[in-house]
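One letter stands for each residue in the lines below.
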Amino acid sequence: SAVISQKPSRDICQRGTSLTIQCQVDSQVTMMFWYRQQPGQSLTLIATANQGSEATYESGFVIDKFPISRPNLTFSTLTVSNMSPEDSSIYLCSVEGGSFYEQYFGPGTRLTVT
Amino acid sequence: RKEVEQDPGPFNVPEGATVAFNCTYSNSASQSFFWYRQDCRKEPKLLMSVYSSGNEDGRFTAQLNRASQYISLLIRDSKLSDSATYLCVVLKTGANNLFFGTGTRLTVIP
Numbered sequence: 266s267a268v269i270s271q272k273p274s275r276d277i278c279q280r281g282t283s284l285t286i287q288c289q290v291d292s293q294v295t296m297m298f299w300y301r302q303q304p305g306q307s308l309t310l311i312a313t314a315n316q317g318s319e320a321t322y323e324s325g326f327v328i329d330k331f332p333i334s335r336p337n338l339t340f341s342t343l344t345v346s347n348m349s350p351e352d353s354s355i356y357l358c359s360v361e362g363g364s365f366y367e368q369y370f371g372p373g374t375r376l377t378v379t
Numbered sequence: 164r165k166e167v168e169q170d171p172g173p174f175n176v177p178e179g180a181t182v183a184f185n186c187t188y189s190n191s192a193s194q195s196f197f198w199y200r201q202d203c204r205k206e207p208k209l210l211m212s213v214y215s216s217g218n219e220d221g222r223f224t225a226q227l228n229r230a231s232q233y234i235s236l237l238i239r240d241s242k243l244s245d246s247a248t249y250l251c252v253v254l255k256t257g258a259n260n261l262f263f264g265t266g267t268r269l270t271v272i273p
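Read top to bottom, the protein sequences are chains X and P. Going letter by letter, the first sequence gives residues 266 to 379 in the working numbering. Going letter by letter, the second sequence gives residues 164 to 273 in the working numbering.
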């Protein structure tokens, strides 16, 4: 499976500011995914990021709030914009790997908005 | 109705016990099924894919019943290290994204 790293691992931010989360993979992958896991909840897909095209956002998530970049096949960023306490969550990137659409996850970024 | 539903538990079982988790999914067009394991404050990790014929990996057995839209995970001879949250995950046909259940929390007690 791919080795995935995320930066930062955690951050505490003030409301109204923005945070950019980086996801780096040790191999080239076509699709990268960004998920959110709110406290006590399961994972919810924010968007799918393909290199060379606009990210595809799931219902309830918009580009203005969660802009995504995918400049190459090993890297992606997710920005959480104009943050509010409701954005406090763990943000995880993942990539496809192996067979049968399995996905592998990065270690996550734990965000607290005060 | 949620895409994937699981009993949240918690399940507290003694070492050596056998424990089973169940999961139902709402979309009959779902094509791929997985069990992931998530330790406290860690990312989810793939435990096993679930095949139509059922599959076994050591102490873990996964089964799929498409007619009932039901997935199960059986853990035999539970170890302390099995303590974690087990996530049932489903991929719909034609979609790239995974749908996660809320997870079933397992604690294995010495």
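Keep in mind that the hints are not guaranteed to be accurate.
As the list claims (entries may be wrong) - A few chain X residues that face chain P, going by a derived Cβ cut-off under 7 Å, partial list only:
no. : residue
1   : 308
2   : 322
3   : 367
4   : 368
5   : 370
6   : 372
Unchecked claim - List of simulated lysine to aspartate or glutamate pairs, DMTMM-like, C-alpha gap at most 25 Å:
no. : chain 1 : residue 1 : chain 2 : residue 2
7   : P       : 165       : X       : 276
8   : P       : 208       : X       : 329
9   : P       : 208       : X       : 361
10  : P       : 255       : P       : 166
Read the hints as simulated data drawn from the structure, not as lab findings. Ideal Cβ placement from N, Cα and C applies to all residues, glycine included.
How the hints compare with the structure:
no.	hint	verdict
1	308	4 Å, holds
2	322	11 Å, violated
3	367	5 Å, holds
4	368	6 Å, holds
5	370	4 Å, holds
6	372	5 Å, holds
7	P:165 / X:276	31 Å, violated
8	P:208 / X:329	30 Å, violated
9	P:208 / X:361	13 Å, holds
10	P:255 / P:166	10 Å, holds
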